[in-house]
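Turn these sequences into a full structure, and let the hints guide you.
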Amino acid sequence: MSTTALEPIAHHSTVIEHDGHHGGLIPIAPERQLQFNRLGMWLFIISETFLFAGILIMRIVLGRNEDGFTRPELSQSLGLLITSILLVSSFFVNRAEVAIKHNDRFQFNLSTFLAILLGLIFVGGVVYEWDEALNHFKPDGHIEGGLFFFMTGVHALHVITGVLFLLIVFFNGIRGHYSSKSHWGVESAALYWHFVDVVWVFFYVALYLIGTVPETVAH
Amino acid sequence: MEHETHSRKGKAAEYLQGIIVLVVLGVFTAIEYVIGTADDIPLFSSTLIPLTLIAVVKAGVIINYYMHISHMWNPEDEVDEGHAE
Chain A
1 MSTTALEPIA HHSTVIEHDG HHGGLIPIAP ERQLQFNRLG MWLFIISETF LFAGILIMRI
61 VLGRNEDGFT RPELSQSLGL LITSILLVSS FFVNRAEVAI KHNDRFQFNL STFLAILLGL
121 IFVGGVVYEW DEALNHFKPD GHIEGGLFFF MTGVHALHVI TGVLFLLIVF FNGIRGHYSS
181 KSHWGVESAA LYWHFVDVVW VFFYVALYLI GTVPETVAH
Chain B
1 MEHETHSRKG KAAEYLQGII VLVVLGVFTA IEYVIGTADD IPLFSSTLIP LTLIAVVKAG
61 VIINYYMHIS HMWNPEDEVD EGHAE
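Residue numbers (the numbering used here), protein chains in the order written: chain A, 1 to 219; chain B, 1 to 85.
Where hints are given, some of them may not hold.
[As the list claims (entries may be wrong)] Pulled a few chain A residues facing chain B out of the computed Cβ check, cut under 10 Å:
(1) I45
(2) F202
(3) Y204
Source of the hints: derived by calculation from the structure; they are not laboratory data. These figures come from a predicted structure and were not determined experimentally. Note that CB positions come from ideal geometry on N, CA and C, so glycine has one too.
In structure tokens form, the structure reads like this:
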């Protein structure tokens, strides 16, 4: 039978039971609960998307002058490096998810650890970029600088949250809390991490690639 | 025995898919870098549209293959792929 998270519960009377002893609470079958969990996570991701979409629109509207789009003077090689690091970390998170689905605990632990490591390297790269950028411009110096520090700061905060999320999953994994049949924690952490990656796909283009460095910013 | 062999093949296929997705993302990122950093590309009067299009494609690839958005409305896919055992 086809079941989706959006179907009414009443359609599945075979797996749903009304329990009079628990004040009308309805126990939900595990596979159904998983669908609700996924729906909740995606709704959370959509709500976060509004935040980042707003920031991107702000960059497009404010980051331009009479000559067209402008951007801060940044190290292109460092931008490409940290972007690649985040993409590879997403690969390892996906690998960890596949591994736990097949009860491959060694690969799961290794891949999760590598993803965490790469996430921390990404944050280190952003901190290094901030240090370098501060030699050229300040957050309150001009609009390009303000946008750069705001966008990378908000994103880095989400990356740090994702690293914490993955750390919890890693330690739970070491203690054997996940299996091929039960690994919602892994799936939700992976969803969050990939979302942070998707955001950076757009932020990288918006911050590093679109527009030219205005003469007032270039040194 | 047969189930175990099937599961192993499924796992190898999923690992391979992850690698292919990473390579595709890497290629698109390299194209972005070239478009964004080249001083003068005669093909484009503005880099905004091609770079945005590539970013949308990259995001779509991640959302489809890494975030498995289709499992939201088609959870049977997981069973077909051998995810749920």
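Okay, the hints, checked on the actual structure:
Hint on I45/A holds. Least Cβ distance to chain B is approximately 8 Å, under the 10 Å limit. At about 5 Å, the closest approach between the beta carbon of F202/A and any beta carbon in chain B falls short of 10 Å, and the interface hint on this residue holds. The interface hint given for Y204/A holds, since its Cβ lies 8 Å from the closest Cβ of chain B, which is under the 10 Å cut-off.
Checked against the numbered hints above, the structure violates none of them.
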